[in-house]
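Student: Sequence:
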Amino acid sequence: MKKLRTRFWSITFSALLAGSVMTSACHSQPAATVALNTDGKTISQKWKFRNEQDWIVDSIGRDIAEMLVFAKFRNDSKTKISSDAIDFKTVCTDPATNKYKYVLTSPGSNTPMEYEFTLTDYAWSPTNYEPFAKKVMSAFELKPVAASTTPADYLKKLATTEMTTLWSENDRLSKALSAAPLDSSLHQQAALLQATIDMLEAADEHSDTRFLLNRMAAHLSMSIATADSADLNISGKIADIALESLSGRDAVAMKKNDVLTKEQTDPVLKSWLRALKIRSSGDYRLYDSANQTSIESTQFGLSYAANTDGDKVQEFIQQHPDVCKSKIMWMRITQSGKVSVQVGHQVTDKLLPEEQNAFVQDYNDCHSNKVTAVRQIMDDLNKIPTRCLTNDGGATLTVLSWDDMAAYHARHIMAAAAAEYEFLNKKWGVTDEAQRFLRQTCSTFANTNLLPVALSEVDLDRDTEVRKIYFDSLGRLIEQHPEQIVAYDWLFAAYGARNAALPAVQNLEYDWFTPQMPMGTAYAFDSREDLPKYKLDLAQLTSLREISPFNESICKSYAKAKYGRKLTAAELSEAYVPLCEYSLSVMRSVAQREYDDPAKYIASYEKIAALDPQAYLRLGQYCVQHDDEAGAVKYFEHALKECTDAVAMSNSSEWIAIYDLNHGKKSDAMKIADDGAKVYSAMGLRCRAIIAELTGDLPTAEKTYNDSITRYGDRQKPALTAFYQRNASKDKAYAEKAATQMRQIFPNGMQKLDTASMSGPPQNGVLISETSDFGYSKGMHRNNIIVGLNGYRVENKTQFYLLQNLPIDPRIKVTYWDKSKYADLVVPTISGNRLSIQSSDYPNSSGKPSWN
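The working numbering numbers the first residue of the sequence shown as 1322 and each following residue consecutively.
Quick caveat, the hints were computed from the structure, so don't treat them as lab data.
Be careful, since some hints might not be right.
[Unchecked claim] Straight-line distance between alpha carbons at most 30 Å, and here's what the computed DSSO-like set of lysine-lysine pairs gives:
#: 1; residue 1: Lys1422; residue 2: Lys1393
#: 2; residue 1: Lys1691; residue 2: Lys1648
#: 3; residue 1: Lys1671; residue 2: Lys1704
#: 4; residue 1: Lys1691; residue 2: Lys1659
#: 5; residue 1: Lys1987; residue 2: Lys2134
#: 6; residue 1: Lys1986; residue 2: Lys1962
#: 7; residue 1: Lys1422; residue 2: Lys1477
#: 8; residue 1: Lys1456; residue 2: Lys1477
#: 9; residue 1: Lys1962; residue 2: Lys1987
#: 10; residue 1: Lys2051; residue 2: Lys1986
#: 11; residue 1: Lys2024; residue 2: Lys1659
#: 12; residue 1: Lys1789; residue 2: Lys1478
#: 13; residue 1: Lys1789; residue 2: Lys1369
#: 14; residue 1: Lys1962; residue 2: Lys1671
#: 15; residue 1: Lys1478; residue 2: Lys1591
#: 16; residue 1: Lys1420; residue 2: Lys1856
#: 17; residue 1: Lys1583; residue 2: Lys1477
#: 18; residue 1: Lys2053; residue 2: Lys1987
#: 19; residue 1: Lys1747; residue 2: Lys1691
[As the list claims (entries may be wrong)] So the derived label-pair ranges between C-beta atoms look like this:
#: 20; residue 1: Asp2075; residue 2: Asp2035; range: 38 to 44 Å
#: 21; residue 1: Lys1887; residue 2: Gln1640; range: 37 to 43 Å
#: 22; residue 1: Lys1887; residue 2: Thr1586; range: 37 to 43 Å
#: 23; residue 1: Asp1474; residue 2: Val1412; range: 43 to 49 Å
#: 24; residue 1: Lys1496; residue 2: Thr1400; range: 20 to 26 Å
#: 25; residue 1: Ala1767; residue 2: Lys1496; range: 37 to 43 Å
#: 26; residue 1: Ser1610; residue 2: His1947; range: 34 to 40 Å
#: 27; residue 1: His1947; residue 2: Tyr2001; range: 30 to 36 Å
#: 28; residue 1: Glu1963; residue 2: Lys2134; range: 31 to 37 Å
Using N, Cα and C, we set each Cβ at its ideal position, and we do this for glycine too.
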């Protein structure tokens, strides 16, 4: 449920989409030829299925066929029953109209049984497959048995989400279904058990619910074919709603949910329906804390994380330990939201060992031979999900096989490894440790099929050794089991293949995901919208929005198609209607369109702050930047009281600490600075150093600046040099250090800026590559060139950083070339005199001064 990261889509795939068109429902050619290895050679390899949808349709039909063959021959000792022994195939007879044909030849027969049909409603809809089940039952002369009674506590047991309980119910159901394969009630219970596991999947962008969706569709088809009436029992109705929601058909799921909710009084059943409504809408406010079950709490948590962030989830966990009993589940939930550095230390760098422990625990619950470590069952991470018919010790019907759960754990383990590497490498910035972790991951999981998932956050351009490991393991997976790769990982693979010059790999995701999403669904739209060669028009996006109106990515794409790329707040609000009240990312997007109207912007952000107090920091920054000192003090003080993200607070604390110090509140200023330094963020350390300097404690200031350099590297040296320069007259050692470093940065000395003597574009300076709304509103536009700060000439970024750090006064004078003339502006800053821009040297010169 987490929003798809876009670190490379915007760079690569936006260009690929230019001039693309929507294609027909599926290709008519045979399965794709696949390029596998890193030298770019092509291996002639045919996939078993042409595309994902053919695999889905085949999996559902094959499951039904296998269950009915089992029902027919389970007591016939002369007939071998196994998946391999059943002759079944699926043919797409008309790709343009999604027309298919099943061909089943039963054991002992030479006459194939054929069933032709056209997909209607949606690809996983049981109505597509129930007639096939009935036709086979008729041919086999099979009669349904009377539906058994669902145990009175069945919904309550599943609602606990406890794996030991789910395994116990799985064992009961599997034995009962093997004894009575034509019992409609058992199939409906089976579908709900599978829905429960699917609703607990939380492997970030690498989650894959399709295997169990196939199984659910097969069981619900069987339940209808074997039922006395067309009406499902309560387990079946809940499973049907879950099938709609998990397929990306949230609007349909909500309508069915509303109808069923009106009839119910049982608190457990009502909690189940709330859980599914939260799942469909993402509206975590529907959560009933007084009457919740665990299934409701987990769906609340996933929606809460997706619409707020991991910090808010951690706060919820601390406040509700009785609800968040499953440590691994709530760690997954936390990780599924936006993760701060603080939460990264609490969860991300601890998740992988916890995932491995959960894998071992589930293995021991399912097997008599107990193990103590993942290394003992490493091969099980390569298990492929089964269908209902299994052959462990003889043919049986198994609702959830160990292979299903092993694949579930493999996805979570690999996703945890990917998340930890990204945290170490990017969020925490300890690149050496990240590389050590990466090498360990490649070694530990070298023979794991899903290893490419664990490497999905690696810059393959920079790490050629890992790139080879990645493509070699990916090649095996593409060749043997393309259905195990979700769209996000296909797209990362295609991106890496383009940069690695592997042209034969580049369009495989297009070959496999055709149609773009399974027919009639918005399944995994967040990543699939970026598939190359697809460009959805307004009509298509309108249709998708009708079936999935709570999907933020669909709403955003719809708004752009309808109104253009420069959206107003009103246009965006119209597109996002139901999300504007509870999705923080949506609320921020709408507020950003009101940036130039302080009254509206502040009002919008106050609504955000009511849900997420961290937004008070943004309000404080906004007021500083708009010369509203009273407002800035008000909102920063709110943040100090209510913001739970210590890192975010420390990164924005400098302005309010200096303000308090200047207004006679020294103890408050010192506390703010000390709290920021404890977090050890770069800006928190800087704030502590500045407050120490302003209060005359120069040794502490110097030590703190050096601590920041030790932790964050040379990019923190300008602050220390500026400190020496400011205090050169107070200490001979400071003066000598300042003089040495200043000569390196300004070989010709600091030059007073005289724009009157400058004509035409500058020969050098600092190029603005990106700017914020604030920077833009002040005139700092993209491609403008900064030539001076506070009246001194700037020739490169090294000088820029020094002059930026030299004053403690948070107002800084910027002189720039705007493509036609030189201009000055005075910019109020928040922390570290940052100008809310991204920049680079102009021109890019390898001869620029460097730090020694």
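Student: Determine for every hint whether it applies to the structure shown.
Tutor: We went through each hint and held it up to the structure:
no.	hint	in the structure
1	Lys1422 / Lys1393	holds (22 Å)
2	Lys1691 / Lys1648	holds (22 Å)
3	Lys1671 / Lys1704	holds (25 Å)
4	Lys1691 / Lys1659	violated (37 Å)
5	Lys1987 / Lys2134	holds (28 Å)
6	Lys1986 / Lys1962	holds (16 Å)
7	Lys1422 / Lys1477	violated (40 Å)
8	Lys1456 / Lys1477	violated (36 Å)
9	Lys1962 / Lys1987	holds (18 Å)
10	Lys2051 / Lys1986	holds (26 Å)
11	Lys2024 / Lys1659	violated (33 Å)
12	Lys1789 / Lys1478	violated (47 Å)
13	Lys1789 / Lys1369	holds (26 Å)
14	Lys1962 / Lys1671	holds (29 Å)
15	Lys1478 / Lys1591	holds (14 Å)
16	Lys1420 / Lys1856	holds (24 Å)
17	Lys1583 / Lys1477	holds (20 Å)
18	Lys2053 / Lys1987	holds (28 Å)
19	Lys1747 / Lys1691	violated (38 Å)
20	Asp2075 / Asp2035: 38 to 44 Å	violated (31 Å)
21	Lys1887 / Gln1640: 37 to 43 Å	holds (41 Å)
22	Lys1887 / Thr1586: 37 to 43 Å	violated (51 Å)
23	Asp1474 / Val1412: 43 to 49 Å	holds (45 Å)
24	Lys1496 / Thr1400: 20 to 26 Å	holds (21 Å)
25	Ala1767 / Lys1496: 37 to 43 Å	holds (38 Å)
26	Ser1610 / His1947: 34 to 40 Å	holds (39 Å)
27	His1947 / Tyr2001: 30 to 36 Å	holds (31 Å)
28	Glu1963 / Lys2134: 31 to 37 Å	holds (34 Å)
Hints 4, 7, 8, 11, 12, 19, 20, 22 from the list above are not met by this structure, while the remaining hints are.
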